[in-house]
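Line by line, the protein sequences are chains A and B. Counting with this note's numbering, you get residues 1 to 322 for the letters of the first sequence. Counting with this note's numbering, you get residues 1 to 352 for the letters of the second sequence.
Hints listed in this document are in silico derivations from the structure and should not be mistaken for laboratory results. For each residue, glycine too, the CB sits at the ideal point set by N, CA and C. Be a bit skeptical, because a hint or two may be false.
What the hints assert, rightly or not - Estimated spans, in silico, between C-beta atoms of each pair:
| no. | chain 1 | residue 1 | chain 2 | residue 2 | range |
| --- | --- | --- | --- | --- | --- |
| 1 | A | 103 | B | 236 | 57 to 67 Å |
| 2 | B | 106 | A | 168 | 45 to 55 Å |
| 3 | B | 151 | A | 83 | 21 to 31 Å |
Said to hold, decoys possible - Interface residues of chain B toward chain A, partial, derived using beta-carbon atoms under 8 Å:
| no. | residue |
| --- | --- |
| 4 | 52 |
| 5 | 79 |
| 6 | 216 |
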Amino acid sequence: MTAVDNAKAPLATPAPRARWPLGSLAMALVVGFLCVTPFILVIVISFGQKIEGAGWEWAFTFANYQRFFVGALWPDEVTFLHLQRLYYALYYAVLASVLAVLTAFPFTYLLTRLSRRAQSIWLVFILASLSLSEVFIVMGWDVLLSNRSGLPMLFEVSGATDWLKRTGWFEVLREWGLANPRNVKFKTSEFATILTMSYLVWPYAVILLYPALSRLDPSLTEAARTMGAGPARVMTSVILPTVKLSLIGATLLLFVFLLGSYVTVVVFAEPAKQTTAVAVYESVRGSTLDAPFGAAQAVILLVTAAGFLAIAQWLTKRSEAR
Amino acid sequence: MSGLSLKYIRKNYGDVRAVDNVSLELQGGALTALLGPSGCGKTTLLRMIAGLEDPSAGSISLGGRDITRLPAHKRKFGMVFQSFALFPHLNVSDNVSYALTIAGTPRGQAAARAHELLDLVQLSAFAERRIGELSGGQRQRVAIARALAQEPDVFLLDEPMSALDAKLREDMQVELRQLQQRLGITTIVVTHDQHEAMTMADQIVVMSQGRVEQMGTPQAIYHQPENAFVADFIGKANFFDGVIAAGQVRLGDHLLQITPPANFIDGSPVRIAIRPEKAALGGQGANLLPAKVTFVRDVGPVRDIHLETSVGPMIVADSDNRQPLRIGDVVQVSLPAAAIHVFPRLQDKVAA
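Please model the complete structure; the sequences and the hints are all you need to start from.
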């Protein structure tokens, strides 16, 4: 009986695959074309040349890359302006993704301890919040943090500003760039940029962490308790190590996602602390109109993201092998 | 080692009473099995003993010291979970030494102790393995070694054999019992498998619907069941409904003698039980029922003979294989007076 089944199986399975060999090939070509073409175009253009006042032309020059790393006037003069923008892109993205995952983790953990019904209500709510566009969210935070109508006004009216001044905290906030001589201010600041960015990806963080945390076997934490681990030790010695890979994975995904954020940076970051993504837009569509340099910056941003993913992959493999 | 004492333990989940007024005295060094069908509250009771659940009422004390509200991590009770709950991010040795690491034992010392314990469960060659690389039986041994690492005052096992196949289960029952006797540690095993309970336990607590039905040695539970539930749940039994008549039981047209005479008022509805191996074919004297053979299951050392009597169907386990039997044969079944257990029968059950 089994032998008969085995004999039939190889004959039966390849049939559906063989029916449309050209169809699936054509499909693969279309998808491949749509995916790869823009990508290759950007890479090719990044080696092109800007024509003053008339767009750009095909070429093979490393000038755009050189300009990114050491400035256009190298070797006479070295500037790190563009590297600095990349640094800020990394800086905001790292802090915002870590902040989002750190705050989403306890929330998601508690969420998975709720009843099934409560969990689904929360998840639907969080999924629904994903439909809000970045522009909409940034506008909301813009109002909330603006100097004349938002939190700073609330600080002033409620007397919190005076209290901060009396206790000396106001000077600390000024040092951090979160206050002008009269009142607290959140725009423009790193604080507002990072806060809004992490808010933006927070629902993603919950959704990325949810599967791992809901799969976490409650008997693992109970076993740790019976072996003398108090709540804090259970967290550090069982829960965190068990979901470590999910935490790293979620942080990385959000980090790569945030590396390209545009609206938040434009609205909340100080002009001197703008990011590569903003610079790419300016080069391609904005004031400078230098598509090849914009393309080079885009490629560098992409390679940076890929590099971080590769490092993470390597770290994960190493920790698994240990 | 001092014993564990449970007094009037109750656990409610909303309107549901999972454990109802359970009082137990467990001697130090003994292995007690909490036995009952699923949903009878035995695991909830074990979890309360471990400190993983708070009782709604009642108290738990160990060696005279009240530990009812003591959190699990301060009890020093080792527990083996049904799923084994081994930490997937630690290797076998680190799993076993977990309790010692938590307690701040120096690393070398903890590793040495882990090695000792793995030796005890015959897994010392597997110390560096990851949990994913172990079979079910090996995982169970690791879980046992891990629970013993902190030298627990009480050793708790929640359905420890349920994840193992039948053959391995029998071997592990014997092994676990020998290990427990060697260490002399007070142990509580939750199980729904009466064979497992009878193999391992010094005393069995039979539970049903959150209550203790009977507590005693395996032999006492088997041979002197205190009620119909225990008689039915532990081993096999034939049940017949009858009425008391002057210390005897009237079953239809038959009057059965009981020794000692049943202590019920005349006319009380009762249910009697007799083990299949206590009833016999043929024989003389009192308590003979005519019966017709309906089925014979011959499994070698013993034959299960299914019979239809005038008072209902019954099974006789016959280890004396000489008498040839065919379906339809008419035989006499003797029910020895001393082997008949008489239990009160509730009136509503008569109606049903």
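Structure-based check of all given hints:
1. Residue 103 of chain A and residue 236 of chain B have their C-beta atoms about 60 Å apart, which keeps the hinted 57 to 67 Å range intact.
2. At about 46 Å, the beta-carbon gap between residue 106 of chain B and residue 168 of chain A stays in the expected band of 45 to 55 Å.
3. The given range of 21 to 31 Å is broken by residue 151 of chain B and residue 83 of chain A, whose C-beta atoms sit roughly 60 Å from each other.
4. For residue 52 of chain B, the shortest C-beta to C-beta distance to chain A is roughly 5 Å, which falls under 8 Å, so the interface hint holds.
5. Interface restraint check for residue 79 of chain B: the shortest CB-CB distance to chain A comes to about 4 Å, inside 8 Å, so the restraint holds.
6. At its closest, the beta carbon of residue 216 of chain B sits 28 Å from a beta carbon of chain A; the interface hint therefore is violated under the 8 Å criterion.
This entry does not satisfy hints 3 and 6, going by the numbered hints stated previously.
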